[in-house]
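Starting from two chains that each stand alone, build the complex the way the hints lay out.
As given, the protein sequences belong to chains D and R, one line each in that order.
Using my numbering, read the first sequence as starting at 321 and increasing by one per residue.
Using my numbering, read the second sequence as starting at 65 and increasing by one per residue.
Bear in mind the hints are in silico, worked out from the structure with no lab data behind them.
As the structure is a prediction and not an experimental result, all values here were calculated from the model.
Be careful, since some hints might not be right.
[Unchecked claim] A partial selection of chain D residues facing chain R, derived with a Cβ cut-off under 7 Å: (1) A342; (2) I347; (3) R359; (4) A363; (5) A364; (6) N365; (7) D370; (8) P374.
All C-beta atoms in this analysis are idealised placements derived from N, C-alpha and C, irrespective of residue type, glycine included.
Each chain is listed here by its residues.
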Amino acid sequence: MDLTHDLTSVIAKSFGLFYLIALSVGITIYAYWPSLGKRFDKAANSILDDEDGPCR
Amino acid sequence: MMERLTGAERQIALMICVVMAIVGLVMAAAGHSDPLGIHGAIVLVAAAIMTCFVLRAIGEPEPAEDRTNSYYDDPTKAGLVIALFWAVVGMGMGVWVAAQLAWPDLRFDAAWSSFGRIRPVHTSGVIFGFGGNALIATSYHVMQRTSRARLAGHVSPWFVLLGFNLFCIIAASGYLIGVTQSKEYAEPEWYADIWLVIVWVVYFVLYIRTLARRNEPHIYVANWYYLAFILVVAILHIVNNLAVPASLTGAKSYSAFAGVQDAMTQWWYGHNAVAFFLTAGFLGMLYYFLPKRAERPIYSYRLSILSFWGIVFFYIWAGSHHLHYTALPQWVQTLGMTFSVMLLVPSWASAGNALMTLNGAWHKVRDDATLRFMMVAAVFYGLSTFEGSFMAVRAVNSLSHYTDWTVGHVHAGAMGWVALITFGSIYSVVPLLWKRETMYSWKLVEWHFWLALSGTVIYVFAMWNSGIIQGLMWRTYTESGTLAYSFTDTLVAMHPYYVARACGGALFLTGAILAAYNVYMTIRHAPEKHPERDYPTSSEAAEPAVPAAE
Ligand code: HEM
Ligand code: HEM
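Looking at chain R on its own, in the form it has when it is part of the complex (with noise of 0.2 Å):
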């Protein structure tokens, strides 16, 4: 991980780990029993292993390689690494999640395992831990690839994925001690709000400057998408978590937006959260790895340009389809069903031009499976949207919300979409970066691809019934007008799907632990590939490292 780094530059990785440890140190001091003093510890902590993991690389000998001759791909590998890690951690919650919610009991009375505190692992997990990690990993690979220029910064890089993962372990572990600032996908405290958006603007100057040398004249269309998921993403999350810390040495902070307007602006948020992490990144990666799998280029380029503008402009608008009938105002809920309709163009637009690719294609899609993860996930793209548009309208939302109607179409987008096209483009490139032929097993990415699919399958159909089943028992009336069912009666209603939501999460889960295991099998035992012609040859063995006159 260091050997690549310049002598000034694993100068400036030490000088950036003593900088935390003492950042580390005095939220220790000042917040000590609070838990903002347990977060400092773990600041501490880290920055300590960041530490010896440099010191023990400063008086190695530097890098022999010329720069210019090859990508940097080592904080990709590293990001994909962490990124699989999250997903085997991430669902394996959310398998427990759905195992409380059938079996109460596997609470296992301790606070900490409470539904409260480990759903927010299960989402954060997921979405940052193993979402924004796939991402970051692939940006770099497709911001050097479609530029034709390596990462401008060796540190940088670093800085981002590790940042960024102690900003998940904050997050994770803040919500077990139970810390929260009551916001969905916003659920960590302000010192943690503060790091990520030092760790997002350093992302995002590095990838315009990687961007700034360029060879091309023109930005490919995936680039655009992961810049309008950092850009968006950095405003949505400064605006959403403005708040005013209680005191300096302790977690607790209130939101700068009081009533109606700190939902509208959560809502605001939380919908762009959808729009543009989980959607806008990952139709980077399928404009990027889909074409370049099928080895076909994407059908219309130029609507992709098109669906992309209309994607950045619709969404911003459509936040308060969450929060329909409520004191909202009527207007302002009518702006956003609106919208929401409206994006069902551009969405489609996009799953139709990545079909459309494939269409010619078909007989890869059958035999490779890879293919497939990304075919599947574009069909999913498409059926969440169209489901999204339709809950969207007022007279749907009020019976699909609240219910588990909203929780199907969320895993249908979730694992349907993001978990897929992210397990398509894993396979497409662990063996490229890692030069090996193949993965190391193709019947075990056969075995995911279906575990994946009956998996989410399973999941959507359960809480589809589920949700219909629980929003109609709420709203029946009897002849006397008074409600006909209770509250308990539905829960009973819905306990076989519930079971049944467990067993598909569990297929899914599976999926991910063989996806981990391949990986690593891969890396360490699949036979290399050497490159025989225009490959990035590692110029440690193009140039000796010692001079010949030596």
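Excised from the complex, chain D in its bound form (with noise of 0.2 Å):
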């Protein structure tokens, strides 16, 4: 089969559009997930004391 450019912006307008979609959104989910923002706020803290020293 050749790989023409009528296939090829098939794909691009049916399965581009929606993984790229679906990822967005999938992104989103996660990063706006209420019980990870603890995690999160303690990750965005952790940097500011860090020179104590490797824990292993």
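Here you go:
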């Protein structure tokens, strides 16, 4: 099968579109998932004091 | 450098050096009069120097430190010093290139000093030499801190750092003797490319293994950016450099792609080199060093996640904006244009996130030049991405393409964003790593800041003017429908701006030299700071090297 312009643009307009939409929805849900808030806060604050050496 | 390696590690290092020396010898013998032969000799000399280093240390006593107690910062320190060395070399070359454009006689009639050869020495010198070393060094720092874990290995960090620099030396020396595969930012030939793949895979494995030791459930966002930088650069590098050597005893190779496919592959590479080398890695720096220096957590961690994925997934599609109005199919150009415009959103999200983090700490920005470096870098990041998205629109690109406007955009990003965030990070991390109270001279940091800022502004404004004048002159027609200006007319019009650019560049270079001097003096002369509390203590001090019973 040839990789023609028509074929690639059909793929781009169907699969390409939906996977990008799915991806952005997925990532937004992940980023705003309420129960992860604490973990993110902790991560954001964790770098402020990290000179006390490795834990392992 | 070697004293912290155990006996077994020193032996591994020795073995690597010997293998390298053999490879160099084979290259030198097989390539003899070809540039490949010269590069073989360079590899051989580099391996011999390293062998001497290792041999001198091999009989020394083993380190007594407890490795679980502290981070392994020696490779970071070396990397930062090397980065500053490349900064001075690469920017010095940039000033020379700029001066040649203003006064062509500055070529001095040699072949090696022609514009086409020293220009890639400048671009590779600053991007890979300065930027690359700074990225590797800071990534070692950040991966250990954010994971609360020591580097996973003691030989591999050195292998990555020094191996990468060998690549840089092969690249730069190759340009001067005329080696190039004519792909911008990917000029080195096949043997250097293979070597870089090896180095890069080791780098990736080292990063993953260090993260695997981490103590936190969540991987701090700066690491994501560094990892994207490593992983995507590997993919780009391998695909774009697919080539068949004309012979195994010569440097010349032929690309696996032809015609417009080759062009598209090159600019898919080229743009993502901007995205993942000059942006993602440095965003990693921004997300770690800016909050740290401001002593405030990042404004919105959630936004940083969103913009990360936005940048990763949009950038991959944007490369075709470099090929507007070419043989590339129209729809591919439109695709690149659309994604470039969408890219503005995650880019500004990152820049805004950085500035909002500083909101409420403006007094610190005012007083602390180091933080100001990072703040201005974020502003230039916002500016250059806005400009980029604008230039990617086909109608705008018809004016800007091939002109100095592109060069102005490049340096708004490269000097204003990449170099400033790097200098800011270096100033914040050097006193910490060498356990000094502060930098040797804060006045010099202040001087550097203003030199760098004025240099960038002069450079960028000169190129905007020059580029737009040039573009407009090219498209001005007379009433009879012929071109109004000859090419020489445009050169005359651009000359003053070229002089201005060379001056701006010289200011920027002066700043970089001050930085190198200041760091050197900090290492040598700044008063030491003895950490009073939970600072990682070097365990040689904590426990006696000789057991008490003896
Ligand atoms: C001292 C400061 C600098 C000076 C004087 C300078 C000068 C120049 C000159 C004259 C060119 C060639 C433009 C042309 O062909 O018309 C150039 C290209 C380039 N420089 Fe610089 N530069 C400086 C700093 C930097 C830095 C810090 C970076 C990157 C981190 C950088 C990255 C580049 C790149 C990527 C190009 C290629 C642009 C293109 O092909 O459109 N430069 N520079
Ligand atoms: C949203 C982000 C960005 C977009 C959409 C963008 C877009 C563009 C466009 C349209 C061009 C001109 C292509 C041409 O006419 O040949 C270009 C060139 C370039 N940009 Fe950007 N840009 C962005 C950000 C950046 C940043 C942050 C940097 C540097 C750190 C950068 C570095 C470069 C370089 C080096 C070139 C010159 C490539 C060459 O011709 O050698 N860009 N960019």
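Checked hints:
The beta carbon of A342 of chain D comes no nearer than 11 Å to any beta carbon in chain R, farther than 7 Å, and the hint placing it at the interface is violated. Taking 7 Å as the C-beta cut-off, the interface hint given for I347 of chain D holds, the closest approach to chain R being about 5 Å. The closest approach between the C-beta of R359 of chain D and any C-beta of chain R is roughly 5 Å, which is under the 7 Å cut-off, so the hint is satisfied. Taken as an interface hint, A363 of chain D checks out: its beta carbon lies about 5 Å from the nearest beta carbon of chain R, inside 7 Å.
Taking 7 Å as the C-beta contact cut-off toward chain R, the hint placing A364 of chain D at the interface holds, the least distance being around 4 Å. A distance limit of 7 Å between C-beta atoms decides the matter here; for N365 of chain D the minimum to chain R is near 5 Å, and the interface restraint holds. The interface hint given for D370 of chain D holds, since its Cβ lies 4 Å from the closest Cβ of chain R, which is under the 7 Å cut-off. For the restraint placing P374 of chain D at the interface with chain R, the shortest Cβ-Cβ distance is roughly 5 Å, inside the 7 Å limit, so the hint holds.
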